[in-house]
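Here the protein sequences come in this chain order: A and B.
Quick note: to get my numbering, add 214 to the position in the first sequence (first position is 1).
Quick note: to get my numbering, add 214 to the position in the second sequence (first position is 1).
Hints are supplied without guarantee of correctness; some may be wrong.
Claimed, not checked - Label-pair restraints from in silico Cβ distances:
(1) B/Ala561 <-> A/Ala561: 23 to 31 Å
(2) A/Ala286 <-> B/Asp488: 35 to 43 Å
(3) A/Lys478 <-> B/Asp539: 24 to 32 Å
(4) B/Lys261 <-> A/Ala519: 19 to 27 Å
(5) B/Ala519 <-> A/Asn557: 17 to 25 Å
(6) A/Arg371 <-> B/Asn557: 25 to 33 Å
(7) A/Arg282 <-> B/Lys261: 23 to 31 Å
(8) B/Glu243 <-> A/Ala291: 21 to 29 Å
(9) B/Pro543 <-> A/Lys478: 17 to 25 Å
(10) B/Lys394 <-> A/Pro543: 39 to 47 Å
(11) A/Asp423 <-> B/Asp539: 38 to 46 Å
No lab work stands behind these hints, which were simulated from the structure alone.
Please read these numbers as outputs of a predicted model, since none were measured by experiment.
Beta carbons: idealized from backbone N, C-alpha and C, even for Gly.
There are 2 protein chains.
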Amino acid sequence: MNLQKLAVVGLLAFIPLSQVHAQAQAGREIPAKVIPVPDTVSPEIKKQIAAPFTATWNVIPTTAEGWREQVAAGAQAAEKAIPALLDKLQVKVEPTVIDGVKAFIVTPAIVSAQNKNRLLVHVHGGCFVSSPGLSGTVEAIYMAGLEHVKVISVDYRMPPDHPYPAALDDAMTVWRATTKIHDPKKMAIFGSSAGGNLTLAMVLRAKRDNLPLPAAIAPGTPMSDLTGAGDTFQTNAMLDNVLVAYGVSCDKRAALYTNGHDLKDPMLSPVYGDLSGFPPTILTSGTRDLLLSNTVRVHRKLRNAGVPSSLQVFEGQSHAQYYRDINAPETKEAFGEIGQFFNQYLAQ
Amino acid sequence: MNLQKLAVVGLLAFIPLSQVHAQAQAGREIPAKVIPVPDTVSPEIKKQIAAPFTATWNVIPTTAEGWREQVAAGAQAAEKAIPALLDKLQVKVEPTVIDGVKAFIVTPAIVSAQNKNRLLVHVHGGCFVSSPGLSGTVEAIYMAGLEHVKVISVDYRMPPDHPYPAALDDAMTVWRATTKIHDPKKMAIFGSSAGGNLTLAMVLRAKRDNLPLPAAIAPGTPMSDLTGAGDTFQTNAMLDNVLVAYGVSCDKRAALYTNGHDLKDPMLSPVYGDLSGFPPTILTSGTRDLLLSNTVRVHRKLRNAGVPSSLQVFEGQSHAQYYRDINAPETKEAFGEIGQFFNQYLAQ
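All chains should be modelled from the sequences, with the hints used to inform the complete structure.
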């Protein structure tokens with residue numbers, strides 16, 4: 215509770231009161247409250263819901279060196295859990311370089327018959343700054359191991375050294391290279407959070423550049439709108455224990471990526487793009503997700519563009535909590551749904 | 215704002231502090247906040263989001279006569295808007311009686327070619343107490359007029375005079391009678407809120423009694439769990455301006471219906487039922503909906519039972535705000551999705 219209390223104080227300090235007052239007239243006053251851990255989720259997700267805020271959610275370094283240190287510490291912690299995950303899921307991860315871009319080949323011990331000729335491209339999350347190297351492969355390992363399919367995970371360049379469009383350029387380099395040797399009808403792109411943004415932006419870029427499109431995509435809780443619009447940025451503030459609140463958190467990291475570019479550029483905020491002609495898309499979020507709005511807005515926009523699109527929202531989950539615990543039944547459900555969706559739309 | 219402030223005071227008075235304190239240890243402390251009206255919805259939905267709480271949300275009569283007065287006043291107000299709606303959508307509504315049960319035949323001026331032989335059965339919302347007679351046909355009128363399909367809307371008996379299972383019995387009487395003269399493969403059942411509960415319970419009852427099942431169903435923001443479980447009862451409290459908060463509102467009305475029965479009985483709380491073998495189901499909710507959790511829980515349970523099921527969640531919407539304004543583009547989207555879904559699964 216102490217960390218959370220500190221975080222609350224932190225948020226109040228960061229949001230200008232003038233802004234709150236300006237909104238008061240048209241806004242809804244919500245009294246302070248204590249939200250219990252719900253009984254309507256698995257014990258594993260209960261544990262995640264009860265966990266304190268991410269330790270560094272509002273710790274924003276002011277120097278490039280500060281960023282490197284924070285990112286390295288986070289990556290080191292994440293990587294510690296990877297050997298056990300690989301072992302449990304019987305997956306191997308091998309570094310590679312594709313046309314100059316670093317990536318990992320993530321291969322399950324057993325590739326299912328239907329997935330024999332399929333290949334997924336993964337773009338990791340981490341607010342465009344975090345999860346470099348091996349630490350960015352966690353979601354790819356879940357997918358490979360649970361759905362028995364081969365994955366290439368792009369270890370794209372990131373700020374502070376490499377702002378936009380480096381990450382998207384790298385992802386497109388991998389996409390261009392792999393679609394030359396694999397049939398894109400047997401390929402999908404997936405990734406959560408910043409990876410969800412990049413998944414959507416990759417399709418926009420592929421459309422623009424007349425490159426082949428994937429047969430399906432799975433942007434998980436995508437950072438589809440970097441302008442700060444989206445109701446759940448407000449309504450789920452301090453409730454989502456991963457991103458916690460807009461204004462002092464993941465958005466400050468994303469700002470290193472956007473680096474002064476127009477935030478409404480669809481390559482940065484894909485919800486403002488032309489989503490017509492998109493491949494079938496499955497979206498994943500949670501009821502406490504700070505990005506629930508920016509997930510459902512993409513879903514609605516895709517549906518209005520006539521794109522087959524499926525939405526799954528998990529009870530009580532904050533941002534991207536569907537790949538945090540391999541033992542949670544909801545984790546298997548989330549990937550199971552994506553696997554089924556891909557199986558429906560990818561050629562064999 | 216005055217009504218809202220009063221409501222806040224009302225809520226605090228109604229929730230026992232001991233309960234709040236008991237939960238505090240494992241719960242998340244959310245500071246008081248002002249939530250602005252988002253810019254990410256249509257002007258029509260903005261208006262709905264900015265509206266004060268439903269005037270009677272926590273006004274709970276203590277006598278049968280008090281209930282009758284409140285319900286009659288609400289019905290009268292709702293009915294005032296119906297002639298203009300009928301005119302705009304070119305729909306006619308005719309009262310009928312089916313095997314002793316009151317109902318309305320809701321017919322659009324133009325029935326689309328694909329819907330020529332199709333018939334939808336509608337069970338209205340209103341927390342099991344409200345929206346009797348013509349006032350309960352609003353959602354059916356939207357469906358008939360927007361999707362060009364014939365609807366029978368059940369004017370089921372309600373408390374205080376007729377608690378459970380009267381409403382469900384009446385709905386089943388209509389279902390039994392209509393499926394004798396119409397092919398159930400060309401039929402669907404839909405309804406929101408209490409009507410979503412009844413839609414689900416009707417399928418459970420039809421399964422139990424070996425009656426024909428509909429070809430598809432559309433429970434909108436269903437009251438699928440009358441026990442009070444569901445995270446968004448807490449997280450969206452005071453944010454949803456239709457139901458507002460659990461404990462003093464729609465649940466007190468539903469208690470007249472459940473009338474001492476076991477709340478975990480799947481006929482009362484369908485989320486606890488065996489949903490295997492259900493027909494394809496499309497669910498609708500909003501990010502501010504007090505019943506978002508109990509919508510997504512049904513979606514997950516259906517998917518885990520292998521039922522084709524689609525979820526649509528609308529940005530910023532509170533409980534069942536998708537059939538409040540015929541001019542909101544989101545309204546047409548919501549019914550358009552349901553219409554497409556029915557078209558996919560109903561025989562012609």
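**Q.** Numbers of the earlier hints that this structure fails to satisfy, in rising order
**A.** The structure breaks hints 2, 6, 7; every other hint is satisfied.
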